[in-house]
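All chains, full assembly: derive it from the sequences and hints.
Residue numbers (our numbering), protein chains in the order written: chain A, 1 to 317; chain B, 1 to 161.
Treat the hints loosely; a few may be bogus.
Stated by the list, open to error - Simulated restraints, written as ranges between beta carbons of each label pair:
{"#": "1", "chain 1": "A", "residue 1": "Q13", "chain 2": "B", "residue 2": "R46", "range": "29 to 35 Å"}
{"#": "2", "chain 1": "B", "residue 1": "E69", "chain 2": "A", "residue 2": "E7", "range": "25 to 31 Å"}
{"#": "3", "chain 1": "B", "residue 1": "K114", "chain 2": "A", "residue 2": "A23", "range": "32 to 38 Å"}
{"#": "4", "chain 1": "B", "residue 1": "R159", "chain 2": "A", "residue 2": "T36", "range": "39 to 45 Å"}
Worth flagging that the hints you see were computed from the coordinates, not collected in a lab.
Predicted model only: the values in this text are computed from it and were never measured.
Just so you know, even glycine gets a beta-carbon here, dropped at the ideal spot from N, CA and C.
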Amino acid sequence: MKKDIEELLKQLQHVKRPAQKRADTKQKLFARIQSTKRRQTLQYRGVLVLATVLALFLGVLLWTQGDMKWQRQASQRTEDDKTIQAIYTNQNNHTQYFMARDSILYPGNRKIASDEEMYTFVNWLIENAKPIEEEREVQLDYSEIDIVVRYTNGQLRHFKFGELYDTYERVLVDWDTKQTYIIPTLTEKQRAQLQKLKSSKSFYLPMFMMPLLIASAIVEKKIRKKYKELSRVKLYNSWIGNGIFMCIGILVLSPAFLSIYFHMSIHIIVPFLLYIAYVIGDWLLYRKGGRTAAQRALAYWSYFYILVTCFIFYFFM
Amino acid sequence: MDAFSRIYEEHSDAIFKYILYLVGNMETAEDLTQDTFYRAYKAQHRFRYEANERTWLRKIARNAVIDFERRKKILKWMPFIEKETYVETAKLPEELLIKGEQLAIVFHELCTLKLEYREAIVLRVIEGLSVKEAADILGWNETKVKNNTQRGLKELRKRLE
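In structure tokens form, the structure reads like this:
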């Protein structure tokens, strides 16, 4: 038996595959290939439709919420109408820059809509704040919050809450005219209202980031497919790969660039964290062309972990 | 599609046999052969034409078998799954059964060997590939191929004593 083992093993070469089974397998295989092709075509169309709808949606949002010229011109027509339509706030510690915009799409912005009590309070503040004497030198010690008030006639007014350097008086700076107003003494209830206005946080940026991340993942997948699904290792070594990598980087980091433009250091952190998660996740996923369950799990975990960190950062910090 | 059909006609029998030696079951081998060619179809643009088609297909088949073994291991830990679904019994094709009981015993024992030993024996002894060719398919160095073949044969002999 000992000597024959290799001989016996060699005899296994003569196994014959039944012709019927062979034909059945071929039939099943080609049917599977056809169904995959059909599914991929549908997926491609689905992604295109989704991307178009998303682009249209963002376009409409920008169009309807942007700080547009016609809105400012409208104010000249009905100057008297001072009913507040909406208030936008943005926490900002810089005394030199104004960050709030009349859109929730800007990082850190929050819209206060349909809060009559708050509208009345802000209106009261604007009307009762006492203008500072022209000859007095004004220097802000620190800034607390920027607000944009939009009236029903379309007029926009920009104010900054802060404190004076020398007298520590609380002031309101009209950012359009640069006129500074001293805030009058507030009642307990009004102080609570002011506190509520100042403690507003942005809930919109993470939601704004999500479509960006998803879009970048889809874009990358499509491009890789177009260039014959190059593995990540090969991608990084080619000029096309470097181009793709840079495009994705710009796409994902665009909110960060926006943040830098508006001098909002705190908002740079989140996109960077998300971007790092994205890169680490993908590296794990495509490392050496391998896609084991463990690598996939680690990649998804890193996405999830960083995303949760970002949400916690936004809601509780 | 025609080119792929040609590849299937040319290599499917060899790939089927290779998988059969590794999994020991005709039905499973048919399924994994289908899976191998499906994977090959999806990855055919990555195939370098200077490379040997069969070597490339063998590598894909090997990955399919490894995935299959992994699934079996996971199933073992799943509650409410019957043992029959993950325990494969080695079934020798009928034509070889006629050749004798000894061959059936060898086949059965081969299928219960450690996967690494089985892989080395299948490529080196049954298929008669050189050490270099086997090392290329398995992604091992040549020493490991030699060692695993020797150890596998030794283990097989021990069991058959």
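Using the beta carbons of R159(B) and T36(A), state whether their distance is inside 39 to 45 Å or not.
-> holds (43 Å)
Between K114(B) and A23(A), does the C-beta distance stay in 32 to 38 Å?
-> Holds, at about 35 Å.
Q13(A) paired with R46(B), Cβ distance criterion 29 to 35 Å | holds (30 Å)
Could you see if the CB distance from E69(B) to E7(A) stays within 25 to 31 Å?
-> Once the Cβ atoms are compared, 28 Å apart, the range 25 to 31 Å for E7(A) and E69(B) holds.
Consistency note: the structure conflicts with none of the earlier hints.
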